[in-house]
Each structure stands twice: as C-alpha cells, then as structure tokens.
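Novice: Hey, can you work out the whole structure from these sequences and the hints?
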Amino acid sequence: MTQPDRGFVSLRDVHKTFGAHKVINGISLDVAKGETICIIGPSGSGKSTLIRCINALVPVDRGSIHLDGIEVNTPKLDKLALRRRVGIVFQQYNLFPHKTALENIMMAPITVLKQDRAEVEARARALLKKVRLAGKEGAYPGELSGGQQQRVAIARSLAMRPDVMLFDEVTAALDPETKKDVLTTIQDLARDGMTCLVVTHEMGFAREVSNRVYFTEGGLIVEHAPPAEFFSNPQDPRTREFLSQVL
Amino acid sequence: MLRFSDAFAPSAVRVTSRAALAVSALVFVGSSAMAAAGSAHDSVLTILIRWAPLLLSGFLFNLLISVLSMAVGTLAGIPLGMMQLSSLRPLARLGYYLTQFFRNAPWLVLLFICVMLLPFEFRVAGLRIPFPDWVKAVVGFSLPAMANVSEILRGAVLSVPTGQWESAESLGFNRRQTMFQIILPQCIKRMLPPWMNLYSLITMSTVTASVVGVSEMLTMTAQVHAAEGSRPELLAPLYSFAMLCFFVYAYPIGKWTEYLERKYQVKD
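Those protein sequence lines, which keep their order, are chains A and B. Counting in the working numbering, the first sequence runs from 1 upward without gaps. Counting in the working numbering, the second sequence runs from 248 upward without gaps.
Hints are computed from structural coordinates only; laboratory data are not their basis. Here the structure is a predicted model, which is why all the values come from computation and not from measurement. Misleading hints may appear alongside valid ones.
Derived, one-sided and incomplete: chain A residues facing chain B with beta-carbon distance under 10 Å [what the hints assert, rightly or not]: (1) Leu82; (2) Phe96; (3) Met160.
The C-beta atom is built at its ideal place from N, Cα and C for all residues, glycine as well.
Specialist: As structure tokens, then:
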C-alpha cells in the first residue's frame, strides 16, 4: 500500500469529538490530484464528519488537513479561498427552494465571486446540460425528482469551478432508478479528472469508479486498498464482516 | 405540484362562512325582535339605521388603529427579530430581552402606560405636533405587535432547515448574504399565517382603547346606548351589531390564514 508523498488533499492524524463522543480518532489519508476515493463503513463511523472537516464546515480538534497547500486547521484560514476550491454535495440536496434550477447554480458565482451575470448564466446552462438536465432551467426544486435535484446540486457546486468535490452519501435518499443517473454524473466527473472524495454505501460504484477504497470504523481507517484488491481480498476481519453484510 | 388544499379550500371557506354569518345574523335579528316587542319606542332597526353611520365611523377608527399598529409593529418587529438572531451576543441578548419584555406584558397595561405617560403634544423647534389619544393607542398596540413580530421572525428563521445554512456556507456565502438571499426569502411564506393571526388579535383588542377614551366603536356604542335612554333591551342589539362588524371583518381573514397555512405547510 504505497501512497504519494504528499497528496493534493492530505489529512494527518485528524481528531474530532462531539462532547464526550469521539467521532474521528486519528485519521490520515492522501488523495492525489485527479484521483477518486470512496469512503465506506458502517453508520456512525465518522464518514460524514470526516468529509465536512475538509471544507471546514466542521472544525477539527487536532491534526492537519491540507488542500493543495492550504492548511485548513488554522484560525487564520481564509474560508472563502478554501471553499472556492472545494465543492460539497449533501445527502439531502439542500437546494434553495425559492430559486429555479438555473438560479440555484448561478447564485454563488454571482454573489460570492462577483462574476459577470451573462457569463455565469452561460456556464450554468452548460452545467445543466452536462448533468443531463437541459430543459429544466426554470424548474423549482420542488418540481424535480430527488435524483434531478441532486444533479442540480452537483452542477451548483461545479459552478464555483472547484478542484476537489466531496460527496456525502449523495444517493442514500434516492430511489434505485434515480440513483443511477446521479452515480453516472459523478462517474463522468471522475473520468474528466476531478478529484473526488465520495462517502457512499454503493459498493458497485466504489468498485467501478474509485482508485482507492477506504473502510472506516469507530473513527479510524481500518483498511484501504485499490478496489480490486479491497473487495477480493480484504485483510482486516472487520472489513470482511462489513463486506459480508453489504455485498 | 397540485395540492389537495388548493382545490378544496375556497369552496370550504365559502360554505362555512355563510353558515357562520347566518348564525350571527340570527342572534342579531332575534335580539332586535326581542327588544322591539311590546315597546312604544322607536324600533331597534330604526335606531340602528339612525346610528349606523356613527357606529361604523367608530369601527373604521378601530380598523385604522389596527392597521397602523400592525404597520408600526411590523416595521419595528423585523429589526428586533434580526437583533435576536445577531451573531453579536450582546445585541442578540438585548433583542431577546426587549422581545420577552413586551411579549409578556398585558396589552391593556401597555396601552394605559402609553396613554398616561406620553405627552399630548411634542414641540420641535417651536412647532407643535399634537399627539392625540388615538395616536398614543397606536403606540400602545404597536409594542406588543412588535414583540410578537420579532418572535414570529425568529421562529421562521429557525424553522429553515440547517442544511440551507450548510450548503450556503459551503458555497462561500457569508452570514449576511445567507440571511438576506437564502434564509429570509424563505421566511416570508412561513411568517404570513402567524402574522395575519396576530393582526386579527390586534384588531380585536383595539376596542380596549375605549377604556382610555378613544372614540372607537365600543365607545360609540356606549354613547349611542346612553343617547337612546340607556334602555336595557337595546344592549343586546347594539353590542351584537358591534360584534357582527368585527366578525364580518375578521372571519374572512381567519379563513384566509387557515388556507395559507395549509398552502405553505412546511414539508419536512
């Protein structure tokens, strides 16, 4: 299990507690530019918290998180500089319900980055096309299916032109039919060279798309390996037990 | 999305309001008939027609006070609610205490305080600005309206799912941008039903201004009763007429509020 010397995203001995509950218990991992990794593990193993630490939504207690040279765990962090570079997509989509699909995508570049409206709109239309939702520009989130909303959410993150995308169980709330469209969208992104960190329960997706699979339990990384190796020959008994339950 | 209530509500409103109107009209006519029976005086209907313009002008005064109080209360309550939500702790505390203070004071007491303690005129640079009792009453009703609007705003903001804040923050929005562009626009729908409810309550309580001598409907009703010789049999029809006026005005607002509540019901 060799790792690149210094990842594009790299975590070193990250700790996080909520009250008395230790959620992350010393996690280190490295992701190279253009790589896609999947983080799997039982519920409550700290996967969602881990991913939220990377864009500073959740401050960590100890350890260091680097993103292309930006140290995240410091009080001097320029949050905006970090968030321009990291997109995140949530399980519950969290689209802005009072804005249309197109407006949802356009809002952040216009408000936060003060970019030119016409240019942003052209980009937003192209992004909707990319996530295969051309024609839904004027639809409000409430008029879209879960899978469609999730793809708008992906496009909304992409509009900020991030270098890294974080996905937090983005298909967990979706029907099996709509799941596929969302997973295909992420797969397309990974193929185009986006650096993706994907927390997921979709083993098929982890096997097919990721460069490396991480298994977490109790706030620790129990095991990680390229998917072929990970699924055919898991080393740790906890991994084996988990895989026997989900596969 | 087609909602069941969209199609259903308007007809339901029409049917029930008709029934309720019929009931109150029955009470009114019944009491009038009772008063008219075996009396040598003018009939109740004649009396009512004679005084209706005066009574209705009193009612208009109630509406004027209610609308102005609600307007002032809303204009003051929104900044107060924003204060409560401020990330600056002392400001949030101040907003909280001001809100709680006026929310937990009896409206009549606030009215008394305003009417007794405010001067009857202000002098600004030699200019006399009169401050009549009814304006003081508006101030008196504005205070609880303000505190309640503040609380309605706070509740509405807190009812927006935290995921909205999270996704806005991830996209680089600062707190102010999140509040004004993402959270508050979603609050208008949530605030409308409780806000209208509050308006109805304010409208009902405007009659308490009679206690401090404002010539609103209740004061007028008492004066008309006195002018007609304070006959006991006139009490029921005169005060029923006052009630009917308020009912006809407030009932549709209540039904409309219910309809909006269903329409804007927050789905998880």
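Novice: Now tell me if each hint is right for this structure.
Specialist: Okay, the hints, checked on the actual structure:
no., hint, in the structure
1, Leu82, "holds (9 Å)"
2, Phe96, "holds (6 Å)"
3, Met160, "holds (6 Å)"
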